[in-house]
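Undergrad: Read off the chains here:
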Amino acid sequence: MPFRGSLTSREQVSVYEFSWAAIIFVPLIAVLIQIFIPVRVRFLPIIDLPFLVTIFFATARRNPISGCITGCLIGLTQDLFAGPSHPLGMYGIALTVIGYLASSLGLKIDVENPGSRFLLTYAFFVIHQGVYYGVAHGLLREGLQWSWSHVAISALANAVIGIFVFKFLDRFKQR
Amino acid sequence: MDTFLGRYKNLIVLAAILFAQIVALAVQVRRPAQEGETRLIRLWAISTVTPIEKAVVHSQEWIQDTWTTYAYLRGVRRENRELRAELGRMKIDDARISEDARMARRVQALLAFKEQYVDSTIAAQVIGTSGSEQSRVLYLDKGSNDGITPDMAVITPTGIVGKIVQVFPDSSQVLPINDQFSGVGAALKDSRLQGILKGAANGATTLQYIMSDEKVVPGEEVITSGGDRIFPKGLPVGRVVSVEPGKDLFLNIRVVPSSRLDQLEEVLVVTKITEKMPDAKDLGPLRASDILAERLPTVPSKTEVDAAGNAKPGAATAGSATGTGTGAHPTAGTAASKPVNGAATINKPGGAATAPHTAAPGSTPGTGGVVKPKPTTTGTHPAATTARPSNSAAPVTTAPSQVGSQANRSAPTTTPKHPKTESAPNPNSDQSTIPPTGAPPQL
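Read top to bottom, the protein sequences are chains S and Y. According to our numbering, the stretch in the first sequence is residues 1 to 175, in order. According to our numbering, the stretch in the second sequence is residues 176 to 618, in order.
Each hint should be verified, as a subset may be incorrect.
Claimed, not checked - Among chain Y residues calculated to face chain S with C-beta under 10 Å, some are: (1) Val-204; (2) Gln-235; (3) Val-301; (4) Gly-303; (5) Ser-307.
Said to hold, decoys possible - Anything over 12 Å on all C-beta distances counts as not near chain Y; from chain S, calculated: (6) Val-15; (7) Glu-17; (8) Phe-18; (9) Ser-19; (10) Phe-81; (11) Gly-92; (12) Ile-109; (13) Gly-143; (14) Leu-156; (15) Ile-161; (16) Ile-163; (17) Phe-172.
Honestly, the hints are just simulated from the structure, not real lab data. These numbers were taken from a predicted model, which means no experiment stands behind them. For every residue, glycine included, the Cβ atom is placed at its ideal position computed from N, Cα and C.
Produce the entire structure from the sequences given, and follow the hints as far as they go.
TA: Listed below in structure tokens is the structure:
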């Protein structure tokens with residue numbers, strides 16, 4: 001359900017479209033970079049590119065259904081490469097929720113501003129980790145350990161990188 | 176009804192997608208993939224991505240190689256000098272370790288120990304990761320087409336990395352030892368306490384199931400125990416960094432892996448491990464005099480050599496001590512005769528012992544007699560870089576892939592001798608060369 005209460009007037013909210021090539025290849029490339037770059041730059045797993053791409057598409061298109069589906073597909077793609085002990089659907093569920101929330105929030109507030117993008121990314125990252133932890137711990141009984149400090153640092157890193165990633169992805173927007 | 180669906184359309188779609196994924200999760204948990212079995216959708220996805228990753232990694236390697244080989248040669252001379260010096264040092268070590276290994280094999284054969292050898296390996300390149308913090312699996316550029324199968328050990332020269340969990344035609348997946356689903360049979364090198372090395376979600380590795388009344392000190396080395404039937408016994412795993420009392424009467428021992436798991440580029444996949452008894456040939460000739468020499472480490476200093484230079488039975492006792500020589504200065508070589516049957520008798524009183532650079536804890540200084548077979552290690556003189564064990568006709572090579580031996584830990588060490596000081600090769604002793612199964616891994 002979209003968030004109630006509007007921080008931005010309806011007229012100020014722009015809904016963007018993307019080419020099919022961008023919709024397909026941008027998430028795929030994000031996942032590819034995510035699984036390849038850590039071979040050389042090991043700290044990159046902190047930066048979750050598929051998560052950032054999900055937020056970007058969801059907030060730009062401002063459609064909760066497409067946000068859900070985009071998040072679900074990106075998450076499942078990420079699950080495919082996460083190893084045999086990682087069931088398909090863990091990232092799928094987390095990013096489905098994020099896609100829905102981001103697109104719902106995108107209907108209400110200005111998400112073009114770097115400041116709001118920073119805060120959005122930070123908050124959504126914490127939610128994303130919480131949902132993942134809930135699925136792993138609650139549904140699968142995996143022994144994950146929750147670390148507030150680690151989540152806070154990762155969220156900060158993603159929020160900072162997210163500003164630049166969003167700026168770059170803005171080029172693919174079509175009105 | 177239409178109004179309800181229209182109003183809550185977004186929420187219903189969200190619930191439907193989540194429900195579908197939760198059901199899928201439940202199905203996977205209820206029917207996990209069999210060992211080595213791969214879900215078809217994963218096979219497709221990884222088979223699609225692997226060629227791209229291979230192309231990128233190999234292009235990068237090619238560019239890097241071209242640059243470092245032909246363009247960027249700064250510091251190569253200095254590095255060459257350093258490597259030569261290191262090679263010299265390693266030759267000394269090699270001679271000593273060879274002798275140790277040979278002696279250990281004798282003991283193992285006598286005690287009917289089985290020894291594990293890494294017979295063959297395949298070098299592979301890391302081309303990808305899981306891309307997430309929760310899973311630490313790695314992707315290699317070699318798969319079933321290259322002979323890789325699940326449960327093969329993956330190692331580097333510095334330590335173990337993990338095991339193969341899934342194999343695809345042109346790639347394979349490695350579960351590293353710091354993954355939360357990993358478990359490796361490990362033991363503390365000094366105390367020989369055995370436990371299980373487990374990873375955690377945050378990438379830390381801990382040695383578990385060691386009772387809290389045991390004494391474990393930080394800094395102690397951890398090696399594979401061989402109990403998991405995946406890793407050969409004796410491979411380096413890591414080092415203990417902290418020991419804390421854990422729950423359930425067990426210690427919580429934090430271990431830092433020897434391999435840099437966060438900087439892996441090339442690894443070795445162990446494709447064949449041989450477990451066998453040391454060859455009876457490794458024993459070499461065991462004479463009554465050898466046994467006597469070991470039981471009676473102090474031998475009368477009287478040297479008896481006949482005119483032809485043949486050692487008499489009393490001197491043959493010292494022959495067993497040739498492997499426990501002195502690492503003496505080259506001048507000592509002039510003082511030593513070359514008797515037959517490997518007997519290292521010294522026909523000049525005080526010969527080796529009076530040499531100025533004799534680093535001879537194993538010798539009897541000033542006695543001018545035979546060298547006592549003390550299990551000591553010397554050979555620190557630079558001239559000893561060319562030394563080889565005196566009791567072998569052929570140079571002994573210590574294969575790096577020979578693992579699981581007790582040799583480097585328990586066998587008394589002996590001293591390499593300078594060629595001039597060593598005795599004539601014993602025609603029977605060439606059987607002590609390490610069997611070819613311990614050949615170096617293909618890098």
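Undergrad: Just want to verify: S:Ser-19 was marked as not at the interface with chain Y; is every Cβ pair farther apart than 12 Å?
TA: 22 Å, holds
Undergrad: Is the Cβ of S:Ile-109 farther than 12 Å from every Cβ of chain Y?
TA: 17 Å, holds
Undergrad: Evaluate the condition: distance from the CB of S:Gly-143 to the nearest CB of chain Y exceeds 12 Å.
TA: Since the minimum Cβ distance to chain Y is about 7 Å, S:Gly-143 lies within 12 Å and the statement is violated.
Undergrad: Does Y:Gln-235 hold up as a contact with chain S if the rule is Cβ-Cβ below 10 Å?
TA: Because about 8 Å separates Y:Gln-235 from the closest Cβ in chain S, which is inside the 10 Å limit, the hint holds.
Undergrad: Decide, holds or violated, for the assertion that all CB atoms of chain Y are farther than 12 Å from the CB of S:Val-15.
TA: 15 Å, holds
Undergrad: Checking a non-interface call: every C-beta of chain Y should be farther than 12 Å from the C-beta of S:Gly-92. Is that right?
TA: 5 Å, violated
Undergrad: Against chain Y, does S:Leu-156 keep a CB gap of more than 12 Å to every residue?
TA: 15 Å, holds
Undergrad: Please confirm whether S:Ile-163 is truly not at the interface, meaning its C-beta sits more than 12 Å away from all C-beta atoms of chain Y.
TA: 21 Å, holds
Undergrad: Was S:Phe-81 rightly flagged as not at the interface, with every chain Y Cβ beyond 12 Å?
TA: 6 Å, violated
Undergrad: Going by Cβ atoms, does S:Glu-17 stay more than 12 Å from chain Y at every point?
TA: 19 Å, holds
Undergrad: Does the interface hint hold: is Y:Ser-307 within less than 10 Å of chain S, judged Cβ to Cβ?
TA: 5 Å, holds
Undergrad: Using the nearest Cβ pair, does Y:Val-204 come within less than 10 Å of chain S?
TA: 6 Å, holds
In summary, the numbered hints that this structure violates are 10, 11 and 13.
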